[in-house]
Amino acid sequence: MSSPDEIFDPELKLYESRKSVFPKAVNGKFRRLKWVIMAITLAIYYVTPWIRWDRGPYAPDQAVLVDLANRRFYMFGIEIWPHEFYYVAGMLVMAGIGLFLVTSAVGRAWCGYSCPQTVWTDLFQHVERAIDGDRNAQFKLQDAPWGPKKIGKRLAKWSVWLFIAFWTGGAWIMYFADAPTLVVDFWTGQAPFVAYATVGVLTLTTFIFGGFMREQVCIYMCPWPRIQTAMMDEKSLTVTYKDWRGEPRGSVKKAEAQPGSFGDCIDCNQCVAVCPTGIDIREGPQIGCITCALCIDACDSVMEKVNRPRGLIDYATLEDAELEKAGKAHNPVLKTLFRPRTILYFSIWGAIGLAMLFAVGNRTRIDISANHDRNPVYVQLADGHVRNSYTINLRNMENRPRDMIIGMTELKGAVMWSNAGSREGAGQTLVTKVPADSVARLRLYVAAPGDGPVREDFALTVTAADDPEANDIDEVFFERPETGE
Amino acid sequence: MSEKKRVDQPTGTETVGHEWDGIEELDTPMPRWWLWTLYATIIWAIGYVILYPAIPMLNSASEGLLGWTSRGEYAQAVSARETELEPIRQALVSTDIRKLHGSPELMQQAVEGGRSAFKVHCVQCHGSGAAGSKGYPNLNDDDWLWGGDLEAIEYTLIHGIRNPDHDQTRFSQMPAFGRDGILQPGEIQDLVSHVRVLAGREKQSAAATRGAVLFEANCAICHGPDGTGDRTQGAPNLTDAISLYGLDRASLTDTITNSRYGVMPRWGQRLDSATIRMLAAYVHSLGGGEKLPALEKTAATPVESDGDEQS
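Chains as they are written, first to last, in the numbering used here: chain A, 51 to 535; chain B, 1057 to 1367.
Some hints could be false.
[Said to hold, decoys possible] Distance condition first, Cα-Cα at most 35 Å in a straight line; then the derived DSBU-like pairs of lysine-lysine: (1) A:K74 <-> A:K203; (2) A:K292 <-> A:K74; (3) A:K303 <-> A:K190; (4) B:K1347 <-> B:K1175; (5) A:K483 <-> B:K1175; (6) A:K303 <-> A:K69; (7) A:K304 <-> A:K355; (8) A:K74 <-> A:K355; (9) A:K483 <-> B:K1155; (10) B:K1347 <-> A:K483; (11) B:K1259 <-> A:K462; (12) A:K79 <-> A:K375; (13) B:K1061 <-> A:K69; (14) B:K1347 <-> A:K462; (15) A:K462 <-> B:K1190.
It is worth saying that the hints were derived from the structure and are not from the lab.
All chains should be modelled from the sequences, with the hints used to inform the complete structure.
So, in structure tokens, the structure goes:
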């Protein structure tokens, strides 16, 4: 296919260098919201590992701790064991559905306000402005030849960035060990290699992603903008330029000279200047738009100055936009927020949350799992009894050592003993101490008379000596040789 | 299909030059950082090929500047592990085996080491679960021909059973009553009946009564007048429920006619004393081990306690 107006540009390149984006400082309600969210999210991230939580002498007293070495996950009053990992899976599913819920209701609010890439980029940009000056000064400095002043400013900026990046990487490892101890270990060279490696990698990625790649991460690396289109519909809020009101563009002067022939947009380019991803919202919805609404703040302040109504760029749903274009009133906000789609997402989200709360509230902290040994399945004893052996794991998920009583359901004439005892001391039950917060494994021998069914079902039970309510049961079987020769 | 490339007017971007049902694809330039990442991976790959074995040659791969091989790494890991285990082996050898159970931790380490050694040296005869088979004792049960405490098991391991070229070996020999003409076939059948009565497999009969007389004359010297055996000479207890070669008439007839002569290698010749001690501890731990009075308590001591999720 070729058309008569085809053009060839010999300058077209295969690879494109990044176009610098130096967003201008802006004030307004969305900027203030961004400040608040940034403060909250950063505070949560940096402070959480330092919150203490008394769990008694046998467990760490850090409120949120991912204890990889001992395979425990502590989150305030909740302690998760590896076999309970479905709680973590449930939380991840909730996070995913929560993202669907937020996106379908208020568009890419996650991207614009609370995504770590956004938060740290924002932080880095504030540092940049404090050192290099605002947008124009930054452009000028970028084009300026390298001299003492530029080198000094660049060094200052990169040092602060590096410091923040290092602080960020350092905070991350605090989640994986006792924070105060780890800080001391870190600075005295005692910390494990993986701690230094993690801090190194996170420092580097924060420095590069927040300082240099910024919107490139959103546009090229992040999968979420690609998925979010499926989450949004004509009723999702998004940042919209009201072209029916703004076009055609013309300066205030032109509009005064020819009243009626220009729209509200005075083509001042402020919406572009403040955009952290460097896009022009007036070109319509696009992948680069993270709906941070700084363009709304910028446009509103301009509209105010030229005495035109605010909201030329505004949060609006596609449906509202159509209604407004036709001169009709918007849908009520409640109707926009509560519609089948958001209610469905919320129901699923809430159901998972409730189910998990219920499960956490009702889980037992004592557990027995018994495996019938298969090799050999049974052992003939000299006195005609038959012995079966079982490998049992006793879980004590409480933060204190507990005596546990192992028992069994009806198995005629049977006695049990463990690898630490002997048949002389055997009985119907067995008491064993399980250390705090751990699993004890032992071999259990059960001997029963040799005359009986070839296979007999019974169960092994465990009960906490201090609390009969805390118990668990595991079905097993007892096997005997076939009788006769 | 393939057409000349052209520039898309609205975006000012070149197209890739293909068209599908009227849809064209823009040839948007890749970002520069992507290009540098690509170069970096290429440099990494070249470095990797130079440093590590990578290029297939006729007989083996190129060696690589670092001299790394997977076999070398394996050998290193094995020797590192052996160095790590050396103190345990030393402690094992220097501890009196009769007092081994005084240190539950050392005992446990011995059992675990023995478990591995057993898989290498013993499973061929005794089976992977140590359950044995006809002629090869089941090591899980509580019936021992030569004794089942740690010391006796270790002695058996070191010196073996009926080793022809070794004077400390466990030795006993039952006469081949039938083959050597000591007893007549009919007498042997009477004896079989008596032994089966002893083992509780048959009711008293006239043949068994005749066999009892024969037993007292020929067998009681080793197996005891009541047939309960004698450990000092490895004579099995004939009254219990366990039998190495079977208590059916055919097996018993064969045993009495031709005698049995089971041989176990003397491992003292082939394994170091630490390994043998580990094997003794493991065999003892299988459930039939005898005489560990110090650990006889009602409360069991957990053999392992960590966050292990094996269940």
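Next pair to validate is A:K303 with A:K69; report whether the Cα-Cα distance is within 35 Å. Judged against 35 Å, a Cα distance of about 32 Å means the pair holds.
Would you mind confirming whether the straight-line C-alpha gap from A:K74 to A:K355 stays at or under 35 Å? Given that 35 Å is the threshold and the Cα spacing comes to 18 Å, the pair holds.
Going straight from one Cα to the other, do A:K483 and B:K1155 come out at no more than 35 Å? 24 Å, holds
Keeping to a limit of 35 Å between CA atoms, is the pair of A:K483 and B:K1175 held or broken? Holds: A:K483 and B:K1175 sit about 31 Å apart, inside 35 Å.
Below or equal to 35 Å on CA atoms is what counts here, so check B:K1347 against A:K483. 24 Å, holds
With a cut-off of 35 Å on the C-alpha distance, tell me whether A:K79 and A:K375 pass. It holds: about 25 Å lies between the C-alpha atoms, which stays within 35 Å.
Would the pair A:K462 and B:K1190 pass a check requiring their Cα atoms to be no farther apart than 35 Å? Roughly 30 Å between the alpha carbons, so the hint for A:K462 and B:K1190 holds.
CA of A:K303 to CA of A:K190, is that 35 Å or under? 29 Å, holds
Would the hint linking A:K304 and A:K355 be met if the CA-CA limit is 35 Å? Given pair A:K304, A:K355 holds - Cα atoms ~16 Å apart, limit 35 Å.
For the pair supplied as a hint, B:K1347 and B:K1175, confirm whether the alpha-carbon distance does not exceed 35 Å. It holds: about 25 Å lies between the C-alpha atoms, which stays within 35 Å.
Can the restraint linking B:K1259 and A:K462 be considered satisfied, given a maximum Cα separation of 35 Å? Between B:K1259 and A:K462 the Cα gap is close to 27 Å, so the pair holds against 35 Å.
Taking 35 Å as the top limit, are the C-alpha atoms of A:K74 and A:K203 close enough? 18 Å, holds
Hint compliance for this structure: no hint is broken.
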